[in-house]
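Visitor: Sequence:
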Amino acid sequence: MPVFETSEELYVCIGGLFERLKSQGQVQRELASLKLTVRFAYTEPEASITLVAHDGEGVIHCGECNEKPDVELAMTGDVAHHFWMGEVNVMGAITKRQIVPTGSLSKIMALTSLIKAGIQIYPQHYQECMAQDK
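Just so you know, numbering that gives the first Met the number 0 puts 83 at position 84 of the sequence shown, and the rest follows in order with no gaps.
Be careful, since some hints might not be right.
What the hints assert, rightly or not - Cross-link-like lysine to any residue pairs, in silico, SDA-like; alpha carbons within 20 Å at most: (1) K95 with G62; (2) K34 with L110; (3) K34 with E71.
What the hints assert, rightly or not - Label pairs and their computed distance ranges (CB to CB): (4) P100 with K34: 15 to 25 Å; (5) D77 with G55: 27 to 37 Å; (6) Q27 with E4: 31 to 41 Å; (7) M0 with D54: 40 to 50 Å; (8) S22 with A130: 32 to 42 Å; (9) V58 with G102: 31 to 41 Å; (10) G91 with T5: 25 to 35 Å; (11) K67 with E127: 16 to 26 Å; (12) G62 with K34: 16 to 26 Å; (13) K95 with D54: 15 to 25 Å; (14) M129 with H53: 25 to 35 Å; (15) M90 with Q119: 30 to 40 Å.
Hint data in this document are derived by calculation from the structure and do not stem from the laboratory. All residues carry an ideal CB built from backbone N, CA and C; glycine is no exception.
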């Protein structure tokens with residue numbers, strides 16, 4: 000059984016993680032310095048989350064977004080969950096094509112601190128999402 004049965008569950012949990020990260024001061028400052036659009040394209044369930052960091056702010060779009068991404072990371076919902084839990088070796092997942100990056104890897108590296116912050120808070124955030132779902 001997949002971690003997220005519907006795109007709505009994925010948006011609430013992973014989209015909610017991005018919104019939570021965006022509200023943190025350090026992450027806000029880093030987003031303000033980026034000029035980057037990243038799309039996370041998910042299968043099982045079909046969903047997409049786009050982070051648009053331009054003009055000093057970051058905007059999260061759950062679902063369709065007309066912004067052309069500089070970078071796209073494609074994966075299943077389960078891989079995304081395990082990634083944010085800190086259980087995925089990213090290079091191994093890329094090698095095995097569990098995560099398929101498109102675009103500049105150097106731009107992906109600009110997200111390192113955002114990813115580290117997300118991995119720190121996701122386990123608790125996920126538990127809160129599951130508690131709300133009951």
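Visitor: With reference to the structure, classify each hint as holding or not holding.
Guide: Okay, the hints, checked on the actual structure:
{"no.": "1", "hint": "K95 with G62", "result": "violated (26 Å)"}
{"no.": "2", "hint": "K34 with L110", "result": "holds (11 Å)"}
{"no.": "3", "hint": "K34 with E71", "result": "holds (15 Å)"}
{"no.": "4", "hint": "P100 with K34: 15 to 25 Å", "result": "holds (19 Å)"}
{"no.": "5", "hint": "D77 with G55: 27 to 37 Å", "result": "holds (35 Å)"}
{"no.": "6", "hint": "Q27 with E4: 31 to 41 Å", "result": "holds (32 Å)"}
{"no.": "7", "hint": "M0 with D54: 40 to 50 Å", "result": "holds (42 Å)"}
{"no.": "8", "hint": "S22 with A130: 32 to 42 Å", "result": "violated (20 Å)"}
{"no.": "9", "hint": "V58 with G102: 31 to 41 Å", "result": "violated (19 Å)"}
{"no.": "10", "hint": "G91 with T5: 25 to 35 Å", "result": "holds (28 Å)"}
{"no.": "11", "hint": "K67 with E127: 16 to 26 Å", "result": "violated (33 Å)"}
{"no.": "12", "hint": "G62 with K34: 16 to 26 Å", "result": "holds (23 Å)"}
{"no.": "13", "hint": "K95 with D54: 15 to 25 Å", "result": "violated (37 Å)"}
{"no.": "14", "hint": "M129 with H53: 25 to 35 Å", "result": "holds (33 Å)"}
{"no.": "15", "hint": "M90 with Q119: 30 to 40 Å", "result": "violated (20 Å)"}
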